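Line by line, the protein sequences give chains A and B. Quick note on the working numbering: the first sequence kicks off at 1 and runs consecutively. Quick note on the working numbering: the second sequence kicks off at 390 and runs consecutively.
Note that these hints are calculated values from the structure, not bench results. In this text, all values refer to a predicted model and were calculated from it rather than measured experimentally. For every residue, glycine included, the Cβ atom is placed at its ideal position computed from N, Cα and C. Where hints are given, some of them may not hold.
As the list claims (entries may be wrong) - Ranges of calculated distance between the beta carbons of each label pair, as one might list FRET restraints:
hint	chain 1	residue 1	chain 2	residue 2	range
1	A	Gly217	B	Gln409	51 to 61 Å
2	B	Gln409	A	Lys219	53 to 63 Å
3	A	Asp281	B	Glu416	15 to 25 Å
4	A	Pro342	B	Ile447	51 to 61 Å
5	B	Asp444	A	Ala10	46 to 56 Å
Unchecked claim - Dumping the calculated DSSO-like pairs for lysine-lysine here, alpha-carbon to alpha-carbon at most 27 Å:
hint	chain 1	residue 1	chain 2	residue 2
6	A	Lys160	A	Lys261
7	B	Lys403	A	Lys375
8	A	Lys160	A	Lys86
9	B	Lys403	A	Lys369
10	A	Lys80	A	Lys207
11	A	Lys376	B	Lys403
12	B	Lys518	A	Lys385
13	B	Lys450	A	Lys375
14	A	Lys385	B	Lys484
15	A	Lys369	A	Lys261
16	A	Lys376	B	Lys471
17	A	Lys80	A	Lys192
18	A	Lys376	B	Lys518
To be verified - Covered stretches of chain B (in silico footprint by chain A; criterion: 3 or more residues with CB under 8 Å from a CB of chain A, positions within the stretch not fixed):
hint	segment
19	411-424
20	456-464
21	509-516
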Amino acid sequence: MRRIYLDYAATTPTHPLVLKAMLPWFTDGFGNPASIHSFGQEAKGAIEEAREKVARLIGAKSEEIVFTSSGTEADNFAIKGVAYAKEHKGKHIITTAIEHHAVIEPCKFLEKRGFKVTYLPVDKDGLVDPRHVKKAITDETILISVMHANNEIGTIEPIKEIARIANDRGICFHTDAVQTVGHLPVDVDELKVDLVSISAHKFCGPKGVGALYIRKGTKIVPFMHGGEQEHGRRASTQNVPGIVGFGKACELAQKEMGQEKVRLQTLRDKLISGILDRIDDVRLNGHPTQRLPNNVNISLEFVEGESMLLNLDLVGIAASTGSACSSSVLEASHVLLALGLPHELAHSSLRLTLGQETTEKDIDYVLEKLPQIVKKLRVMSPLYKPGKK
Amino acid sequence: MKSRKDLWSLYSEKVMEHFQNPRNVGEMQSPDGIGHAGNPVCGDIMELYIKVKDDIIIDAKFKTFGCGAAIATSSILTEMVKGKTIEEAMKISNKAVAEALDGLPPIKMHCSVLAEEALGLAIEDYLAKSKRK
Ligand SMILES: Cc1ncc(COP(=O)(O)O)c(C=O)c1O
Ligand code: FES
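Using the sequences and the hints, build the whole thing.
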C-alpha cells in the first residue's frame, strides 16, 4: 500500500547526505572533542565546523551557538537559565498561551518557585498582539518568550516587533524557532533576538540534537554543570555525529530553503483549497497567509480526530490531531483552545504538515481519500444533521 | 520497521475490525428506547437506540462521536444486546464490553463506560415509556 507521510512538523526523515556526513564520526572519528590528541582534535574540528554552519544559517557568530540535546533542552535552558541569572532583578516572565510544552512547562515549574508568568492570549488566527506584550511588561519583567511559528497551527508571530519592544525596555527576548529555522529565513540581527531555540530533526537533521543561540552578553546560568564543554554553558561530551549531521542539515537548508518554501506553499494551498472545495463544514485553523509554508490545520466538524487519524492511517496517510482522545492526558490542544475554538472543534482538528518528499500526487491522494473518510464518520456522528446548514 | 498490523498496536485486532466495519450504525425509526450519553472525560457523545418486543431487545443502533475505542465499543454493544432480555441487558458492564473486544488500553477504558451509560439510559427510557403506556 501507498504510505504518505504528512507529519513533518512532528519530525522529518534524516537527509541521506546528512546521514553520510554523520557516519564516519561514529567509527574512525570517535574521539572525545575534549581530548588533546589527534583523535580528540579531529572531533573538535568537526563540531566547530558544524557550529559555523549553524551560526551562518541564522546570521550569528559561532561562539554564540551552544549545542544541546534537543529543541526542548534549548527552551528549558533559555527559560530557566535566564530566570535564574536574573531573579535578583525581578521574577516576572511574559510568554504566550500557545507555546510548545517545552516552554510552557518550564514556566509552570518556575511559577511554583515564586516566579510570576503572564501567558498572553492570541487572536482567532493565533497571532500575539505586540501591544499586549507592551502592556504586560512590569519593572519586574526579566524575560519575554514568544515562539517564531506555532507547531500546530503554523501561525508566524510578529517577533520582530515584539523583540523591539523587549529591546526598548532592556528585557531579554527568547524565541522558540524550532519550526522555522531551516524552513524560513531567520536572522538574529534582523530580528534582534537574544536567544533562539533550534532543533535539527525538524529539518532533515538527526533527532536528539539542537542548539540555543545566545547573543553575546546575555546573562544565563549554565544548563548542565560538569565539564567545561560549550564554554562551560552546557557540560557533557558532545554528540559528535549528531552535531555534524545538524551542521550538514543547516548547510543543505541554506541552499534549498528558498525554492522548497515556494514549492511547499503551492502544495499547501492546493491542499487547503481542495479540502474546502470538497468537504462542507470545514474551518481552517491558524492564520490564512501568515503561516508556515508546509502547515495545514483544519477542523472537520462533527468528526473526532483520533478516529480520523486511524482511518487515514488505514489508507496509508500519516497525520496528527489536537483531539483530546488522542492525547495521553485526554485534554484537547491548548493551542486550539487558545484560538477560542469550542471544544468540539478542537476535537475535530486535523494537522497535515508537508515536507521534502511530498508530491502533488500525494496531495491528490489525500483529496481523494479524506472526503470519503469524513463522510463515513459523519454518518456515524450524532452531532451531524445533514442539511443542517 | 513495524508491519501494518503492529502500527495501531494500541488496539486489539477486534477493536480495529469493529472500528473499520461498525455494525448497526444509524438512527432508528420509532425506537422504544433512546440513550444519549456524554463522556465527561474527553467530551465524546454516544446515542443508542433500542427496539424491544416482549421484553427482548430485538434491534439496536448507534451513533457515536468519539475515538476508535468509542466507535468499536458502540458497535459491539449493539451486537451484545440484541436478543437479550431487558434484565440481561441491564447487567452488561463496561468491562464486559471491553472484554468482548479482547481488551482496551487502560487510557481508553472510559470510552467503554460511555457505552454502558448509553445502554443504561436507553433501557431507562424504554422502561419509563412502557410504564406510561
Ligand atoms: C515549537 C517547538 N518547540 C520545541 C519542540 C521540541 O523539540 P525537540 O523535539 O527537539 O525536543 C518542538 C518539537 O516537538 C516544537 O515544534
Ligand atoms: S472517546 Fe475520547 S478517548 Fe475514547
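Structure-based check of all given hints:
Evaluation of the 51 to 61 Å hint for glycine 217 (chain A) and glutamine 409 (chain B) yields a pass: the beta carbon distance comes to about 59 Å. Between glutamine 409 (chain B) and lysine 219 (chain A) the Cβ separation comes to about 57 Å, which falls inside the hinted range of 53 to 63 Å. Hint check: aspartate 281 (chain A) to glutamate 416 (chain B), Cβ distance near 19 Å, so the stated range 15 to 25 Å holds. Under the hint 51 to 61 Å, the C-beta atoms of proline 342 (chain A) and isoleucine 447 (chain B), about 38 Å apart, miss the expected range.
Taking the beta carbon of each, aspartate 444 (chain B) and alanine 10 (chain A) are about 53 Å apart, inside 46 to 56 Å as hinted. For a cut-off of 27 Å, the pair hint linking lysine 160 (chain A) to lysine 261 (chain A) stands: about 20 Å separates their Cα positions. Restraint check for lysine 403 (chain B) and lysine 375 (chain A): satisfied, since their Cα atoms lie roughly 23 Å apart, inside the 27 Å limit. A threshold of 27 Å between alpha carbons decides the hint, and for lysine 160 (chain A) with lysine 86 (chain A) the separation of about 23 Å falls inside it, so the pair holds.
Distance restraint check for lysine 403 (chain B) and lysine 369 (chain A): the Cα-Cα separation of roughly 24 Å lies within the 27 Å cut-off, and the hinted pair is therefore satisfied. In summary, the hint linking lysine 80 (chain A) to lysine 207 (chain A) is supported, as the alpha carbons are separated by about 23 Å, within the 27 Å threshold. A threshold of 27 Å between alpha carbons decides the hint, and for lysine 376 (chain A) with lysine 403 (chain B) the separation of about 19 Å falls inside it, so the pair holds. In summary, the hint linking lysine 518 (chain B) to lysine 385 (chain A) is supported, as the alpha carbons are separated by about 25 Å, within the 27 Å threshold.
The suggested pairing of lysine 450 (chain B) with lysine 375 (chain A) holds, with an alpha-carbon distance near 18 Å, which does not exceed 27 Å. At roughly 32 Å between alpha-carbon atoms, lysine 385 (chain A) and lysine 484 (chain B) are farther apart than 27 Å, so this suggested pair is violated. Only pairs whose Cα atoms come within 27 Å are accepted, and lysine 369 (chain A) paired with lysine 261 (chain A) is accepted, the gap being roughly 26 Å. Only pairs whose Cα atoms come within 27 Å are accepted, and lysine 376 (chain A) paired with lysine 471 (chain B) is accepted, the gap being roughly 24 Å.
Between lysine 80 (chain A) and lysine 192 (chain A), the direct Cα distance comes to roughly 21 Å. Compliance with the 27 Å bound is thereby established for this hinted pair. Between the alpha carbons of lysine 376 (chain A) and lysine 518 (chain B) the distance comes to roughly 32 Å, so the proposed pair goes past 27 Å and is violated. A stretch counts as covered by a chain when three or more of its residues have a beta carbon under 8 Å from one of that chain; for the segment 411-424 of chain B and chain A the count is 3, and the coverage holds. Chain A is given as covering the segment 456-464 of chain B, and this holds because 4 residues of the stretch bring a CB closer than 8 Å to a CB of that chain, at least three being needed.
With 0 residues carrying a beta carbon less than 8 Å from a beta carbon of chain A, the segment 509-516 of chain B misses the three-residue requirement, and the given coverage is violated.
Checked against the numbered hints listed earlier, the structure breaks hints 4, 14, 18 and 21; every other hint is satisfied.
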